[in-house]
Every structure is written in C-alpha cells, then in structure tokens.
Amino acid sequence: MLPTKSDFETGHPSSKVPEVTLAFWIIKIAATTLGETGGDALSMTMNLGYALSTVIFFSLFGIAVFAQLRAKSYHPFLYWSVIVATTTTGTTMADFADRSLGIGYTGGSLILLTLLLIVLGIWRISEGALATGNITSPRVETFYWTAILFSNTLGTALGDFLADESGLGFEGGALVFAAALGLVAAAYYLTSLPHTLLFWAAFILTRPFGATAGDLLTKPAEQGGLDLSRISSSLLIALFMIGCILLTAQKEASRHPG
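So for the sequence shown, this note's numbering puts the first residue at 16; every next one is plus one.
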C-alpha cells in the first residue's frame, strides 16, 4: 500500500484535502488516466492542438482552483475536479513543451522537476513544514495546488519519455512505474525516509502510471494500444471516479464536519 493518512497529519477536522488512504490512490490513478485520455481527446481527437487545449484546460484549472480556495471546507467533488484539471492541463502542457516547442521529454522533465523542487523549497521555508494532509490556510493551499500542477505535468513528461523514447512501449512503461510505486510503498514500511518525500514521489509516479494506462487504452494497435475511443474511454473513467468518490464520501463527511 502507498503512504497513508497517519503520516501526513490527516486527522485535522478542518483540513480541505481527503485522507490519504488506498481509496485516495485509486481515485488519483483514475484521475491521471482521465487526464491523459481527456487531454488527448481535446488536442488530438478534436484537433484543437496542444497550445489551444492548454489554454482551455488551464482556464478550467483556474476556475476550479479558485472555487476550491474560496471553499470553507472539504468538498470531495470539488477537490477531485481540481485534480482532474491539473492532469488534463499537465497532459497538454507537457505535450506542448515536448513536441511543439521542441524541448524534448528529457529537457521538459528536468525543467518541471526543477520548478517542483523550487515550489516545495519555498513552501518548506515559508511554512516550516510540508503538511500535505493538513491543508487549512489559503497560502498553504496555494503551495499545495501549485506543487500538484507541476508534479502532474512532470509525471506526463516522464511517462511519455519512458513509453516513446526508451523503447519499452506503453505496457513496459506501466510495469516500470508500477514497480517504482511498489518501491515507494516498501520504503514507507521498511525505511525511515521522510514520509512527505514518499508522498510526493508516489504522487508524481501515479501520474505516468495512469498516463501509460490511458495511452494503452486509446493508442492504435500498431503502437501497442487497444485503439479505444478517447472520448468514450474518458466518460467511462469519469463514471468510475464518480462511483469511487460517492463510496468514500460518507467516511470523508465524518472527518470534515460542518
């Protein structure tokens, strides 16, 4: 199992984020898969291109995160809407940088990793800690969502690099990231590594794992995919996410009273 609630200060009743449980990681992986299929549906299937799709998704992210910051308490569908917005934005943003600007997967990954480390560093210096499970103030929440946006975009670039440039393909890439997530889980139980570090490692790695799963669903058979429709795949994943959120909503409501 991936890092869970006890190590991320998730017991605070006014926290605006969900408990980091197994259900959290399942929904997170589904959200990243939806980000890949949904982002590609707009940029490729609807032929809007990476730049315009990024503008659209970033605008939706801005609206969603503004509503999240204005909210006084935790709302599961609002929270996960922001997560999905970061995954779709991350998909088209990484594709635009890698393919349209010609930065490449390696260069894009290094730039995004640097940006993520800068955000986490400023957060740590400003607040004295990276309390990823106890998000109660607007400033901390701004750091939180900025880091999530960069981590999901980084995960997209890493997934594309492994699937396209390494020769492993989508199935191979998914297996590599699944193994990496297994190592994070082992480190959580067997080592004394900082649990905040493990949280962000898992958060980054679930993005390319979900992205390669999305590519596996929608890419043509000659490229190793199942050649399913991006739009129908996105709808099915969204329905799965909604079901998971509804199943966990009652438990979350008892943790976030009022």
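No lab work stands behind these hints: they were computed from the structure.
Idealized CB from N, CA, C, for every residue including glycine.
It is possible that some hints are incorrect.
Computed Cβ-Cβ distance ranges for the label pairs, DEER-style [as the list claims (entries may be wrong)]:
#	residue 1	residue 2	range
1	P209	G64	17 to 23 Å
2	S152	M61	24 to 30 Å
3	G197	G117	30 to 36 Å
4	S115	L243	22 to 28 Å
5	L198	F92	28 to 34 Å
6	G258	A82	19 to 25 Å
query: At the C-beta level, are S115 and L243 separated by a distance inside 22 to 28 Å?
result: holds (26 Å)
task: Could you see if the CB distance from G197 to G117 stays within 30 to 36 Å?
output: At 34 Å between Cβs, range holds.
- request: State, for the Cβ atoms of S152 and M61, whether the hinted interval 24 to 30 Å holds or is violated.
  value: Given about 39 Å between the Cβ atoms, the range is violated.
- prompt: Given a hinted range of 28 to 34 Å, is it respected by the beta-carbon distance of L198 and F92?
  reply: Holds - the Cβ-Cβ distance for L198 and F92, about 32 Å, lies within 28 to 34 Å.
- request: Hint says 19 to 25 Å; check whether the CB-CB distance for G258 and A82 agrees.
  value: Since G258 and A82 have Cβ atoms about 23 Å apart, the given range 19 to 25 Å holds.
task: Confirm or reject the claim that P209 and G64 have a C-beta distance inside 17 to 23 Å.
output: violated (41 Å)
This entry does not satisfy hints 1 and 2, going by the numbered hints stated previously.
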